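Keeping their order, the protein sequence lines are chains X and P.
Under my numbering, the residues of the first sequence are numbered 1 to 244, in order.
Under my numbering, the residues of the second sequence are numbered 1001 to 1290, in order.
It should be emphasised that the hints constitute simulated quantities derived from the structure, not laboratory data.
Treat the numbers as computed from the prediction; the structure is a model and nothing was measured.
Glycine included, each C-beta is placed from N, C-alpha and C at the ideal position.
Careful: at least some of the hints might be erroneous.
Which stretches of chain P does chain X cover? Using the computed rule of at least three CB atoms under 8 Å from a CB of chain X, they are [said to hold, decoys possible]:
#, segment
1, 1018 to 1026
2, 1077 to 1085
3, 1106 to 1119
4, 1240 to 1251
5, 1257 to 1265
The calculated EDC-like cross-link candidates involving lysine to aspartate or glutamate, where the alpha carbons are at most 16 Å apart (straight line), are [to be verified]:
#, chain 1, residue 1, chain 2, residue 2
6, P, K1220, P, D1191
7, X, K114, X, D149
8, P, K1095, P, D1083
9, X, K165, P, D1261
10, P, K1220, X, E113
11, X, K156, X, D127
As a plain string of letters, each chain reads:
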Amino acid sequence: MKHFSLRYKTYGEHSILIEWPQEINELILADILRFKSAIIDSNAYENVQLNHAYTSLLLVFNAWTVSVEEEILKLKALYGKIIIPNNSTFTIWNVPVCYSDEFALDLETVALEKKISKNDLIKLHSDPLYTVYFIGFLPGFLYLGGLRDQLHTPRKTEPRMSVDKGAVAIGGGQTGIYPTQSPGGWHIIGNSPLRFFNAHSIIPCFAKAGDKIKFVPISLIKYNEIKILVDADDYEIESEVRDG
Amino acid sequence: MVKIIKPGFYTNIQDLGRHGFQHYGVPISGAMDQNASQLANALLNNNRKDAVMELTMTGPSLQFYKNANICVCGADMTPKLNDRLISMNSVIPIKKGDILSFGKLNSGFRAYLAISGGFQTVEIMNSRSMFDNISTETKLLKNDEINYLEHQEPSIRPNSKIRQGVFSHESDSIDVFKGPEFEFLSRSQRDVLSFQKFTVSKYNNRMAYQLEERLQNIIKPIITSMVLPGTVQLTPSGQLIILMRDCQTTGGYPRILQLSDSAINKMAQKTTSNYFRFKLIDDTFLTVVE
């Protein structure tokens, strides 16, 4: 597998933006994450903050130690030396979701519109293994890839002023979980009792880019049980590591 | 500690922000005008990272319970100590029982109150900056009490003072660099950006400043990518939005311009109906293709 053709741009006074071809796919994500790791491991970049999205990687420097042209040359050289491993492992997180009427405010409307049963919709939503591409929009909001085409639904024309914390929703070609109460224009089909962001924890988000998410349908009773444990900091999220 | 007697319009605690957590979706936050906040800290010989109180439009009324030195920089909100006018941009010693209050806003929009040693509020994710769902409060309320360190009277009274004019925030020229999607703008759009006067709309806050004037948009939406404070976005309907300190870490609108650090500080002193022009600095823009 060869490397991608990248573009390096300055972004403001002290940042470099690296852009991949503009497509959302896992090969690009894996390449971005490899480059990110290589930059961190190289130790040549001490005071740099790194962030990435679907097709780009951003390096924010505190100050230029050398010229920006030299920084870019260093990065290009580093990218050229990255070895693509033959195999890799990834973590799958089991995220419990209650699709009951209490939470699934838009489930019935969306199912009707798609001409499928509510149960079929739940199955279509919870079957896939979703890939975590990055975290953005809100602290702890996971950008997930892998929503079945059938479930793509244009955003609501009138967003809700308030969507519950934990709401599991579909918007456009994406699905996600609102980590906090927030205004939202996506269709709400369930709720997860997990905590997706904790500012006081050493690991504020349990999931990271490259991980996978599996939505596990649960009953309302189970939801309440898990919620009590989560609130008491006593719930351990199920996960497994698999070869990729 | 200091007690809030009257909270003012929007008073909150800020420092230089939360760095290193953007990949969790956590905004950087931090003082809106860091030129002013840092000047206040510097005059008090504080650490750069010490927390200050950010005052917006109308200042609070505060009562101090321990001796300290304070300094007020940024917008002129007619600061008074025990009802007597005090100088901006100077070290002001305060004694237990003193009351700091503010009056008419004469210029700018945000002022910064620094205190010797900084305000001692809780640090969350390496910062004292208030932000929804991270700090317990997003602004200071009546009767809130904020801690600070007791200041021992020094043998030499500092007389540091800076003339306000040197740091004018009234300039209507906002320095910008080309943003990542600037290359997709047409010649005429670039001309409009360079020559037109722009006005801050009533939709402005710590997250973003929307502008009144629209720019016809021919750029297609971008795949969600990173944004920075100071990024100017162009929405599908032609709205121009300048992202500020509390902005989200990612966005799906084209990023056509990027404010310089000092321009963000200047913008922070503007409010509804204020106008400005963009000044494009294009010598440092670089695109290198692999």
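Against the structure, the hints come out as follows:
no. : hint              : in the structure
1   : 1018 to 1026      : holds (count 8)
2   : 1077 to 1085      : violated (count 0)
3   : 1106 to 1119      : violated (count 0)
4   : 1240 to 1251      : holds (count 3)
5   : 1257 to 1265      : holds (count 4)
6   : P:K1220 / P:D1191 : violated (20 Å)
7   : X:K114 / X:D149   : holds (11 Å)
8   : P:K1095 / P:D1083 : holds (14 Å)
9   : X:K165 / P:D1261  : violated (35 Å)
10  : P:K1220 / X:E113  : violated (28 Å)
11  : X:K156 / X:D127   : violated (24 Å)
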